[in-house]
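Chains as they are written, first to last, in this note's numbering: chain A, 1 to 158; chain B, 1001 to 1498.
A few of these clues could be false.
[As the list claims (entries may be wrong)] For the chain B half of the interface with chain A, some residues (derived, Cβ under 8 Å), not all of them:
#	residue
1	Asn1115
2	Phe1119
3	Leu1122
4	Gln1123
5	Pro1125
6	Leu1142
7	Ile1149
8	Arg1170
9	Gly1189
10	Val1196
11	Gln1264
12	Ile1300
13	Val1414
[Claimed, not checked] Computed beta-carbon distance windows for the label pairs:
#	chain 1	residue 1	chain 2	residue 2	range
14	B	Arg1170	A	Phe130	35 to 43 Å
15	B	Gln1264	A	Leu149	34 to 42 Å
16	A	Pro123	B	Gly1178	47 to 55 Å
17	A	Gly53	B	Thr1215	27 to 35 Å
18	B	Thr1437	A	Glu57	37 to 45 Å
19	A	Phe130	B	Val1297	36 to 44 Å
By construction, these hints were calculated from the structure, which means they are not laboratory data. In this text the structure is predicted, and so the values were computed from the model without any measurement. Using N, Cα and C, we set each Cβ at its ideal position, and we do this for glycine too.
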Amino acid sequence: MCAASAQAATPTRLVLTAPSSVALGEEIFLEARLTTNGGQPVAGAGLELRQVGAVGERVMAQATTDAEGRASFGHREYSVSALTLRVAFHGSPSYGPSRADTLVAISGVEVAPTLVMSHAPSPLVKGILFSLLGSIWLTYVYAASRVALVARDTWPGR
Amino acid sequence: MLRPLQHTGWGFWLLVGALLAVIALGGYAYLIQLRVGLGATGLNNQVSWGLYITNFVFFIGVSHAGTLISAILRVTGAEWRRPITRMAEAITVFALLVGAPMVLVDMGRPDRILNVFRFGRLQSPILWDVISITTYMAGSFLYLYLPMIPDLAQLRDTPALPAWKRAIYRVLAAGWRGTSRQHTALEQGIAAMAIVIIPVAISVHTVVSWIFGMTLRAGWHSTIFGPYFVIGAIFSGIAAIITAMGVFRHVYRLERFLTADHFQKLGYLLLTFNFLYLYFTISEYLTIGYGAEIKDVTLIHALFYGAFSRMFWLMAIVGLILPAVLTLIPHLPVVDRLERVPLLRPVPAATAALLVGLAAVVLHFRGAVQASATWGISRDMVLAVAIVLAAMAVLSFGPVLRRRPVTAIVLASVFVNIGMWLKRYIIVVPSMAMPLTRTEWATYQPTWVEWSITAAAFATFILLYALFAKFFPLISLWEVREARASASSVARGQEVAT
């Protein structure tokens, strides 16, 4: 849970309550409370729930604050193992914008192991490669040795 | 068969003189390149591979002639191979001798080639290339030499040859007397080499393709590049051997040894690999074009319609379509009917095609815009007419070529050689010229230095081959003799049986 300050005429702040981890498919229940910096609730304000990713944000849900300045969101996650969620208030003529982020870990998601192929060949691979190469050159040596056999056949005494 | 070794006419010296002149010009150009650096070439920061690497890939491809014709046919026991194996094996050696150093020529600082060995990293395809080509070259020398030993002994024992030549043959013949023990040893050596040289040759061109394929560039990063290159190499290798056979058959009057049957069988092989290569080409471009990634589409557009389209379509027509037509012509009786069409008589059709073709070339390269504006002739229309007339010209020669199948196949092989060189150019250059970042396409215009060195490379190849033909029999005499003896003993056996 974290909070952020607004910078408009009447600064606002958002306080976000969310679980730090849920199981796969379990509902993530988020409650946001929008107040002025002095603690007065802001009613009737439109809030957005967004997922924050590496390449940008996407809006997932919208809600309006009640008389207490509270709004709630629900989301079920089935794919990723960690979700950065952001609740944002864009601001209005009377109130400045504010936002709050939270990170929710999703347990039970099967994460593919990170496979980093090493470009440097292992001793086993090197061994196989050099064995293959060696066998080729050994065949050359064998073929060349047949020339020696041909030549030996004419040596004196044979 | 030994006549070329005993007598040398003025034509040979003229050829050697002309080739040496071309090689000298190439040498001079290379000296300039060494002094000035690669600034003497059209190569630049972006297009760092041009004609030299095109030549490298081309010659390594041609070197597959020996492997296919000799090793595969030997292993599979194809008897008809006997008169052509020597020529094929020699092509392999000389193509490697000319092709491999092209990498050095491409280097601004050739002395740094030693760094490949000093600091070589096994994970680099460049090192794989050095290892595989070195292995192939050593194997090819041995594979050329072994089957020559009995013929070298025959030359050693030929009194008509000069003493100095016979002294060389004596050393090379390794004391061959033709005993059964010697025969056994030699056959063992040849058999071992025939088997091992096939995977080595395939690995060589696969590794050459991986130099491109392991790079994340449009047009190069392809999973089929290995087999695509191997098929292309065998295709151009067959073409090279047919061309060489055609030339030597004509010059040295070898019709008794290199029969129309040999050309026909090699023609079938050429046609098979022609279609295989066409299949790979279509598969490659269709797959990457259908995926429509921006970089791939950009490259394909440049090849099909843009800056490289002339070369691409020339390659397609000259290297893939024309050879297939020419190879098929001798087998199509319907071609004879073309003689009855007055418009398709060779002289009028060829003359018309030549004139309009020339006009099309002039319009296309010089004054297409002006012609279009002045006469309202579309450039594409002129080209289309030229193509139709060129096709008519080819068809008009159909009946003539049908009566001369050897000429048709040799002509097809010459076209394949040209087409495959163009293909290597459009593999190497457009992918390098294409921007990796959002910049302009790079331009590459080979300079006279590069053209001279390229001409010298081809001249060296021809010179080596011509000199080889002067020192060694182009046809494996003992193998042909062996085949004839075996054929006659079979015939005798049949007579006795009847």
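Compare the structure with the hints numbered earlier in the document and write down the numbers of the violated ones, lowest to highest. Hint check: 1, 2, 5, 8, 11, 12, 13 and 18 fail, others pass.
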